[in-house]
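Visitor: Residue numbers (the numbering used here), protein chains in the order written: chain A, 866 to 1255; chain B, 3 to 309.
Among the clues, some could well be false.
Said to hold, decoys possible - In the DSSO-like style, the derived pairs of lysine-lysine whose C-alpha atoms are separated by at most 27 angstroms in a straight line are:
| # | chain 1 | residue 1 | chain 2 | residue 2 |
| --- | --- | --- | --- | --- |
| 1 | B | K302 | A | K1172 |
| 2 | B | K156 | B | K64 |
| 3 | B | K309 | A | K1176 |
| 4 | B | K309 | A | K1172 |
| 5 | A | K1176 | B | K302 |
| 6 | A | K1176 | B | K235 |
| 7 | A | K1032 | A | K1155 |
Read the hints as simulated data drawn from the structure, not as lab findings.
Note that the structure is predicted; figures quoted are calculated from it, not measured.
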Amino acid sequence: MARIAPITRVEGHAKAVVSVDASNVITSAELDVMMYRGFESFLYNTVPEDTVRLTSRICGVCPTPHSLASAKAWESSRNISISANAERVRYLMECANLLHSAILHWYFLAGPDFVANIQALWGDATVARQKAQKILALLGAKGTHSAAIIVGGHTRIPSAATMATIKTYLVDIENFINNTYVPLVQTSAMPTYGTRPARFISSGTYFAPGVMIDGVSYAFDPANVVEDTHPNSYTKKVSYLVNGTKYVCEAGPLARMIVGGQMAANTVNSIANRNLARALEAQKVVLLAKNTADAILTYEDARGDVKAYTKPNAASGIGVTEAPRGTLIHRVSESRGYVSSYNLTVSTTFNSGAIEEALIGAPLDGAEKVIRSFDPCFSCSAHNIEILVR
Amino acid sequence: MTEKRVPDIELDCASCTDECFLLNETENVLGRKIDRRDFIKYTAIGTGLFFLPSFTDSEIKKALAVNPTVAWVNGGSCTGCTVAFIDYSGIMSVLSSVSIVYCTTIADVKEFPAAVDITIVEGASASTTCFEPEPTVDTNFDDFLRMVRSRSGKVLAVGTCASYGGIPHLNPDYHPVSSVIAVDGMVPGCPPKSEHIINAIVALINGTPLPNPNVEGIHGLYCPRKNQNRQSKLGVFGCVLPCGCKGTGTKADCIRFNEIGPNRDQLLAARNSNGIAAEGSPCTNMGDPCIGCFNSDFPKLPLYSIK
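Let the sequences and hints guide you as you build the complete structure.
Guide: Shown next, in the form of structure tokens:
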């Protein structure tokens, strides 16, 4: 038995308890996520519109997808279809958040394991990452916990001058990714352990959605995403149900790239390929962001694009999006204008089971490298099973 | 560096003839009629009290030249304050003089050092949930904080969660850091502005007293949508007060400091003839109501009131 605590260079608090054999190879692993805050419990009886702001505080690295998933969930519960232009602004924000997160992960969290003296490279990386945050600040007032995303649309559509600034930032980020980030990841020697059964899930957003289980593709249906308690941990164990069997599926950049057809279906899910997929995905997402930025219709009069809606007496909805770390699902119900249930299925609850599987067979001193390759967000994943309050 | 700084604020109240919501509010609070000159006086006193000190780049460099050791501790938090810290434009020069000796998010150190100059606490504290700060220590965050306090020269609570409890405090298990240990300063905000964190660190090193942020705020004076028509629905240009905006009572200078987007001067200078400022902070400028994330009562629910 060995304990790895606290797991460092990850987001949030967690420890791993592993068993090792005589040659220090991990034979079983248990991931324990700590510091449970209980968002699902205290979101009960709040005003639905408020949850868009409150849920972003689940995670300071990927707040935008939480806001978006929450807004989408209430839009589905109230049958609102937001305008195409507001959709584009949201998409650009989501891309910017992914770019900031990918650069942060490699240069500050995972990279120091593989690149000697990576601190010397932080300067350029920080400039590029801050530009992604600045895009979020220009579209939503703040880099972290952006405002402006609301149920029904976006409160202010950018002006032409702001979009011009954003486009120059995107070109700078693209140059950094293509000339510095991706070559550095490609030339870094990374271990090939950290593998697990080839099961991946992606809800789309950037590339085609789908679920791939042992080489067979299925359509992505959030109704098949099931949750179980995780023994001795505050996180949940999420699996995908196919023909009555539960499969733990990995979410995140590698899953999106494989399911979306951007990387070969037989790509080995090792530490090396997970980190490489994150870099290659950023390379593609910056292009998507540039195309979206070109398509946004600018308004000069500080107007927003918000659809009017009526509040139903009782309804439920679902909001699905891809956070940088993987698939994110918010399932909501409202009754008489208040939240009657709120259930969060976050990326790292998909990956908590996958991390435990991937740790098996890895050397003990490489355990944290395996965990970091998933870019887990433990403050997101500290949840409990939904308790129905009647 | 103990010089008291009173920020230079530009008030156009003297020449403004619009109906002033803030003036009316102040009268309501004071219970008597005041004129504009008094109003300007009160607000100027207010700003002197609550603004964090701001330092120039060379002052920051000079203070950090002592190479302080800094530990960063996360409680019930989202890591947003850490991201705000590294969003500071001069972060590379800060990191070159400061040694980060403990921070589970960006440093690979598993044990809290025996002595640290400054410890920054992010996130609210709790005695109920388990927390494993060191390989063999299974404790709760309250006890960990007491240990941190005994090993730290100064302790700075960063973010609204650490300062006042914030959103985790909606779960009654969580409470502000100052209810467990003595803190030397608080930097509220969700997340705080990057400069707030840096300036507070520099102030602690220099011995500049940190102001009590818990005094009346005047966010509304800086709101780029001040004096615009009030709108009861979002997405229309105007003052969003009827939608639940908490800007008028928010104790923050979130617009004056802004590294990540345009700052107050840039925004106000760029206002066009219709009074429309360029995009950027604060949230009200983007047409979204202020949710009061710098306040001690944050989150004051409901955040939105949409008919």
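Visitor: Does each hint fit the structure? Answer for all of them.
Guide: Hints, verified against the model:
Restraint check for K302/B and K1172/A: the C-alpha separation of about 26 angstroms stays at or below 27 angstroms, so the hint holds. Distance hint between K156/B and K64/B is fulfilled; the C-alpha atoms sit about 19 angstroms from each other, no more than 27 angstroms. Only pairs whose Cα atoms come within 27 angstroms are accepted, and K309/B paired with K1176/A is accepted, the gap being roughly 9 angstroms. With a C-alpha separation of about 13 angstroms, the suggested pairing of K309/B with K1172/A holds against the 27 angstroms cut-off.
Under the criterion of a C-alpha separation no larger than 27 angstroms, the hint pairing K1176/A with K302/B is consistent with the structure, at around 22 angstroms. Restraint check for K1176/A and K235/B: the C-alpha separation of about 14 angstroms stays at or below 27 angstroms, so the hint holds. Taken as a hint, the K1032/A and K1155/A pair is honoured in the structure, with Cα atoms around 7 angstroms apart against an allowance of 27 angstroms.
Every hint, counting from the list given before, is met by this structure.
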